[in-house]
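> Just so it is clear: in the sequence shown, position 139 is 349 by my numbering, and no numbers are missing.
Treat the hints loosely; a few may be bogus.
Ranges between beta-carbon positions, derived for each pair [what the hints assert, rightly or not]:
1) 422 to 244: 47 to 55 Å
2) 282 to 460: 38 to 46 Å
3) 283 to 390: 23 to 31 Å
4) 284 to 429: 14 to 22 Å
Keep in mind that the hints were calculated from the coordinates and are not lab data. Remember, predicted model here, so these are calculated numbers, not experimental data. Built from N, CA and C at the ideal position, the CB exists for glycine as well.
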Amino acid sequence: YAGQSAIYEYPWLKNTNGIGAILFEDFPIQTQIITPVKVNTKIFLQAPFVTNSMNTSLRNLGYLPLSQPYNVTPWNYSGNESVASIPPGIVDWVLVELRSGTAASTLVGRRVGFVKNDGTIVDIDGSSLLNFPLVNSGNYYIVIKHRNHAAVMSKNSSPLNATSSLYDFTNSLDKAYGINAMVVLSPGMFGLYAGDGDTNGAISVLDYGTVANNLFLSGYRLGDINMDGTINVLDYSFVAANIFRSSQVPN
211 YAGQSAIYEY
221 PWLKNTNGIG
231 AILFEDFPIQ
241 TQIITPVKVN
251 TKIFLQAPFV
261 TNSMNTSLRN
271 LGYLPLSQPY
281 NVTPWNYSGN
291 ESVASIPPGI
301 VDWVLVELRS
311 GTAASTLVGR
321 RVGFVKNDGT
331 IVDIDGSSLL
341 NFPLVNSGNY
351 YIVIKHRNHA
361 AVMSKNSSPL
371 NATSSLYDFT
381 NSLDKAYGIN
391 AMVVLSPGMF
401 GLYAGDGDTN
411 GAISVLDYGT
421 VANNLFLSGY
431 RLGDINMDGT
441 INVLDYSFVA
451 ANIFRSSQVP
461 N
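Given these sequences and hints, build the entire structure.
Shown next, in the form of structure tokens:
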């Protein structure tokens, strides 16, 4: 127990006279008990959003990778999340960060999980809340990053623990840090801006290039802005609609 002393007896370590055992006394034991955080949150991505849900075209077509895709610049996440098969109802992989403050320097943990078609973010089993085993319960800002949508962060820190309450980004523009940090998808429903194909955090004319330079290619590609599995002229529309929008997550 933390701060207490303990006596360890090793009977096989005998004194030279063969009588008794060597005792190691008063070794302070320092322990830290962590109550892991489970993130309970919900987001919508603009591109695959349809009515009150999101389509799962990339999964249906077999294009979603079995290993997390955020191990490259600009995310440089080194986690080894992977699956044998993509669970049902999955839209895409997302990167979730927890911060103790608003600045990037206050990062306390990162995990990659899945976003489902109803917007819930889950662990790689496809159903459990996203687990942060090395982050202790406390108040944190939640940051959600997606490979071709503008990242968002919760407006305020929230108490997170093993049974965290839902933080629902989808039902109020006021849930996201910044001003108009999410797009209006339908009355009372909000989501992440689509169109950041070059992953620099801002939607600009440069993002047209991620479409133009990859026209008619299919698969899991950044230029497939609408996430239907094929890069074509339809992908330009999201860049045009959101031009000059950018992530308001502080660096």
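> All hints, please: hold or fail.
We went through each hint and held it up to the structure:
{"no.": "1", "hint": "422 to 244: 47 to 55 Å", "verdict": "holds, 48 Å"}
{"no.": "2", "hint": "282 to 460: 38 to 46 Å", "verdict": "violated, 22 Å"}
{"no.": "3", "hint": "283 to 390: 23 to 31 Å", "verdict": "holds, 28 Å"}
{"no.": "4", "hint": "284 to 429: 14 to 22 Å", "verdict": "holds, 21 Å"}
In summary, the structure is inconsistent with hint 2 from the numbered list given earlier, while agreeing with all the others.
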